[in-house]
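Now for the letters of each chain:
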Amino acid sequence: MDNRYPYRKGFLMFQSEYKIQSITQLNPTTYSLVLECAELAAESWCGRFVNIRCGEKPLRRPISISEIDKENGTITLVFEVRGEGTEWLSTRRAGEKLDVLGPLGNGFFPDSAKRAIFIGGGIGCPPMLGAAQEYGENAEAILGFRSAAQIILLDKFKACCQSVDVTTNDGSFGVRGFVTDVLADKLSENKDCVVYACGPMPMLKGVAQMCAQNDVQCFVSLEQRMGCGVGACLVCACKTHEADGEHMRHVCKNGPVFDAKEVDFGG
Amino acid sequence: MDNRYPYRKGFLMFQSEYKIQSITQLNPTTYSLVLECAELAAESWCGRFVNIRCGEKPLRRPISISEIDKENGTITLVFEVRGEGTEWLSTRRAGEKLDVLGPLGNGFFPDSAKRAIFIGGGIGCPPMLGAAQEYGENAEAILGFRSAAQIILLDKFKACCQSVDVTTNDGSFGVRGFVTDVLADKLSENKDCVVYACGPMPMLKGVAQMCAQNDVQCFVSLEQRMGCGVGACLVCACKTHEADGEHMRHVCKNGPVFDAKEVDFGG
Amino acid sequence: MADLRVNIAGVAFKNPVITASGTFGFGQEYARLYDISKLGGISCKGTTLEPRMGNLSPRIAETPSGILNSVGLQNPGVEGFLKNDLPLLENTDTVVIANIAGSQIEDYIETVRRLQGSSVDMIEMNISCPNVKEGGVSFGTSPESVERITKQVKAVAEQPLIVKLTPNVTDIAEIAAAAEAGGADAISLINTLTGMKIDIETRRPLLKNNTGGMSGAAVFPVALRMVWQAANRVQIPVIGLGGITKWQDAVEMLLAGATAVQIGTANFTDAYTPLKVIEGLDAYLDAHGEKSVMDIVGKVQVW
Amino acid sequence: MADLRVNIAGVAFKNPVITASGTFGFGQEYARLYDISKLGGISCKGTTLEPRMGNLSPRIAETPSGILNSVGLQNPGVEGFLKNDLPLLENTDTVVIANIAGSQIEDYIETVRRLQGSSVDMIEMNISCPNVKEGGVSFGTSPESVERITKQVKAVAEQPLIVKLTPNVTDIAEIAAAAEAGGADAISLINTLTGMKIDIETRRPLLKNNTGGMSGAAVFPVALRMVWQAANRVQIPVIGLGGITKWQDAVEMLLAGATAVQIGTANFTDAYTPLKVIEGLDAYLDAHGEKSVMDIVGKVQVW
Ligand SMILES: Cc1cc2nc3c(=O)[nH]c(=O)nc-3n(C[C@H](O)[C@H](O)[C@H](O)COP(=O)(O)OP(=O)(O)OC[C@H]3O[C@@H](n4cnc5c(N)ncnc54)[C@H](O)[C@@H]3O)c2cc1C
Ligand SMILES: Cc1cc2nc3c(=O)[nH]c(=O)nc-3n(C[C@H](O)[C@H](O)[C@H](O)COP(=O)(O)OP(=O)(O)OC[C@H]3O[C@@H](n4cnc5c(N)ncnc54)[C@H](O)[C@@H]3O)c2cc1C
Ligand SMILES: Cc1cc2nc3c(=O)[nH]c(=O)nc-3n(C[C@H](O)[C@H](O)[C@H](O)COP(=O)(O)O)c2cc1C
Ligand SMILES: Cc1cc2nc3c(=O)[nH]c(=O)nc-3n(C[C@H](O)[C@H](O)[C@H](O)COP(=O)(O)O)c2cc1C
Ligand code: FES
Ligand code: FES
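Chains as they are written, first to last, in this note's numbering: chain A, 1 to 267; chain B, 1001 to 1267; chain C, 2001 to 2303; chain D, 3001 to 3303.
So that you can see chain A by itself, here it is in the shape it has in the complex:
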């Protein structure tokens, strides 16, 4: 049943304890953590994620791989404190070990010869970074935040992308408004591109609609509450409308990146 989104067999996954090389605070609630995990980094590519054991919590927490440094055998995770699990994660220290399962998911399959627009909303920005780095000159980024205080990774995006637009809801930095405002301008100028987006559901829905109206291919990275993270428990369901009908796909196995025109944003 999963033939549309084949899970790449043969790729390795690991569950092991890896050393935290560094942990840095990016804004009042967001942290960047570099993990020494050569074997895991070797199997990673942008858009994939790892599942992290947080103290005594029964469920691991899924966090996207933001940057990959295969040479040094590290990956960078950027996460926001949302609840007890991420709170625990934010209090780890360099040198400690972290129990990590991964890499997981299909991630992006970038075709970096094409012009690509990367759209990140808040904590949806980090998963875009690795892919933008692959596209380099062909990458344009639109990053949306609530206000200036929340901005993260701007320098990193600037370092790799051709252009970076920032929007804030309150206008405290960049364009006042939403990422879709900037996207509309860009698409009205040139529709020859692919759009990648990650962020809150309303944003993804807006981006997907705009792309559909403009006949632009769009991939969205979805979040869903997870159990196993590997495709075995079927809890992370996402309804899709595909050519052959309705399906219940799974964010951890078939995603987290989906073709936006197939995603049922209602379900």
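Please note: incorrect hints may appear among the correct ones.
As the list claims (entries may be wrong) - PhoX-like, lysine-lysine: derived pairs with alpha carbons at most 25 Å apart:
#1 Lys1019(B) with Lys2151(C)
#2 Lys1057(B) with Lys2208(C)
#3 Lys3246(D) with Lys57(A)
#4 Lys2151(C) with Lys2133(C)
#5 Lys57(A) with Lys2151(C)
#6 Lys2276(C) with Lys57(A)
#7 Lys3276(D) with Lys57(A)
Claimed, not checked - Quick list of simulated restraints, FRET-style, between CB atoms:
#8 Gly3010(D) with Glu1084(B): 40 to 50 Å
#9 Gly3298(D) with Glu1084(B): 25 to 35 Å
#10 Gln3235(D) with Ala1243(B): 44 to 54 Å
#11 Asp2199(C) with Glu1087(B): 11 to 21 Å
#12 Gly3010(D) with Pro200(A): 48 to 58 Å
The set of hints was computed from the structure by calculation and includes no laboratory data.
We put the CB at the ideal spot given by N, CA and C, even for glycine.
Following the hints, put chains B, C and D with the ligands in place on chain A, whose structure we already have.
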């Protein structure tokens, strides 16, 4: 129903976070922890205990107050790592805060004019120390350990007691054998004393029997699994045979120190 | 400051937070820590007609996020309660609930009779105890027996009667309906879920009673589901308990349909839990622009 | 190295550790992490006659030491199972258990018929699903219906039949006895305890299905008690599960009377749990001078 062992009303108890002044390892599994808790120290006396919250555990861990320093507003707790709660406790660091409920229980009511023999078995030694310090010249101690490696607090007992005998099961230090062997000798010489004992149940039973046979008053400090620690939940029951019949007393409220001749060591 | 008052069967509570039977004694121990008149109510230790010694120790074991207990209803008997324990609560400005138990219907009836004319504000009937006549299964597990005992006990009780339900049943809504049909003025749920723990070194159950009642955070999802199911079935007020450890849990219980909550095991972990729940609830109502706690009762919006 | 082999209804298991239905897919995902032929057995994802989409997301919520799930039996249907999933397990040297479900007896019977002649070693019948004909209550909650469905399904099954019991019942021993009377070759328990969780900001249940099944460490004491009660009642082998997260839990289950154990939710926390349980069990037996795992089954010494 609790009139035989009146809970001293009017004494204060506290539940608060207190700073750990120091934590030191005494032997491979035993730690000594000094807590800065002036208000709690002021209401403490020997034989009482505190109930310590250990991480996320639903039940607090009862630990006896070993030494009290009212002047400096500290108490000393000596504990052995037995399971997850005490393991957690052993990894605390000076400067951190500990959530403590106490002081609890009746403890000893020392009549320090009398000759007293303090018997401690292993981790049963610490609760005896504070009382022995009060008796000073009138205190004699018999401390039993499995072997030399387990010995704790010997210098402290030596510093306050008239005499200290140590027994080890394997003879690696002091007398090979049990505390009762030494007690038998002492009682055969002089029965004019009171005996206080804390340690494993078989030891307490042996000490109690020997005292009963010799008509020597004996108080034992008992352990029982606890819920509230304050007398509200009735889980820490200990059966007693008193003049007016059988009772179910509670270690946290009526004890932890009981008159040995009333304790039902079977129940 | 939102209005925290609730009214259950004509009894006015200053707030919807009650301490649960068996975990709070008769209030005096915790009165040494804080002013217990701040509580909405106190459900006293389960009381039987005659004094009971209870089971042998150990009577408690810790489990993941929960505990097991097998106190076995140790209590001074209803006369001891009336003589020694109740008087100490007489000047405390909180609702005093007598929690009663027995092994035959006659015991319950006689216990309630003795409570007539006392200062007890309400009676909570614990029907999780084994019913000797019906062969050891508890009164609380068949709708017929729940209705019958409720009717008979209600007949002799002047005080409003709360029937406390056991969760060890197939269909809690049916049991709740039976209590209502029997004339209960309110129901409270849940009592403990029966559980066990074995020491793998001694190969003996940790509890001397072999099995015990599970309570604490671990059971909260089951309790919440049952409160929701029961509240959807009956018209009488529902008091929700089982695993409440923080104010957020209390809000969930109220949203699920409880008019008040009880706090049990959490008292052991943090003695101030009931006060923290009262404060948290108040702040939640203020933050959400709710004038009265009653405005959120049953307001869960199911999918 | 103690002898870890057990035999359940004529089926030889190399060790008593089985992965639980619904938490381990059809084994292939975890096969990327370790050699799944090290497992005693694999209970496959619950399979129905027709493919099912399952419930809408969110389908999972975390609770204190546990989880709630409401997958709603998403599965490719028995034909999909036979065609795509079972073949991948054919070269794996472990016991393959097909877990089946349905909403009418006829569905169960037809599903089992289709499994005849396949490489499935055993069938585990999940009777916690709502019974459409009997008005939505589950097949597993009345002794009569358990006996009836067991008898009818057993009649068409060549493979040994395990009946998987729901814990949401008043008297588990009675249900276990009914399964035995119906001809079950073994029973497994427990399935999930029904629970709920509400988001206090949105005032909606966290699960789109409103309620879900609770599993994980939190339920272990309840599961252990039920396994003990069931094992004391029936002669057929009992497979114990519910909240096992470490080898010590498995030992408790065996002491309580289980011949084998299943590991579910713990796979999510630590994918290596089944292997760690096998190793720990082996070391425990050696340390206690036990030659075979069978020597500790049912050896709890009650007070
Ligand atoms: C594929 C994927 C990639 C992600 N990448 C990132 C990332 O790079 N950086 C980042 O900050 N966050 C990311 N998230 C979201 C992150 O997983 C959640 O914020 C986190 O699980 C919250 O855990 P908590 O204990 O702090 O919160 P709690 O609310 O206490 O968590 C309770 C439960 O709900 C789950 N949960 C809560 N929110 C979410 C959510 N949004 N998505 C999935 N599960 C959730 C938790 O995992 C846990 O099981 C990602 C989610 C997914 C599915
Ligand atoms: C009044 C009193 C005073 C004590 N004083 C000391 C002391 O000064 N130093 C010291 O090292 N130990 C003392 N103990 C024993 C100490 O409480 C236990 O070793 C500790 O609770 C074990 O917790 P754990 O989480 O490490 O072990 P676990 O076995 O994981 O604990 C599981 C549960 O059992 C309880 N428990 C386990 N063993 C005991 C025990 N022996 N007594 C009571 N409850 C137990 C725990 O509190 C917990 O609720 C005392 C006990 C009592 C009752
Ligand atoms: C030690 C203990 C003793 C209890 N005794 C009684 C009792 O006498 N009568 C009663 O109705 N419930 C009794 N209970 C059950 C509690 O009142 C409550 O229903 C249960 O513990 C669930 O709530 P909780 O999770 O908040 O503790 C007792 C619970 C505990 C832990
Ligand atoms: C996500 C999930 C899906 C499940 N699906 C099934 C199923 O399809 N069939 C079944 O019999 N049990 C199913 N179960 C129940 C488990 O097999 C097991 O009985 C239960 O989770 C208790 O064990 P545990 O605490 O080890 O998880 C499922 C459990 C979970 C968590
Ligand atoms: S989280 Fe288990 S299938 Fe996706
Ligand atoms: S621990 Fe609650 S009465 Fe002793």
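Evaluated hints:
no. : hint                                   : verdict
1   : Lys1019(B) with Lys2151(C)             : violated (56 Å)
2   : Lys1057(B) with Lys2208(C)             : holds (22 Å)
3   : Lys3246(D) with Lys57(A)               : holds (15 Å)
4   : Lys2151(C) with Lys2133(C)             : holds (18 Å)
5   : Lys57(A) with Lys2151(C)               : violated (46 Å)
6   : Lys2276(C) with Lys57(A)               : holds (24 Å)
7   : Lys3276(D) with Lys57(A)               : holds (19 Å)
8   : Gly3010(D) with Glu1084(B): 40 to 50 Å : holds (41 Å)
9   : Gly3298(D) with Glu1084(B): 25 to 35 Å : holds (28 Å)
10  : Gln3235(D) with Ala1243(B): 44 to 54 Å : holds (52 Å)
11  : Asp2199(C) with Glu1087(B): 11 to 21 Å : holds (18 Å)
12  : Gly3010(D) with Pro200(A): 48 to 58 Å  : holds (55 Å)
Comparing the model with each numbered hint stated earlier shows that hints 1 and 5 do not hold.
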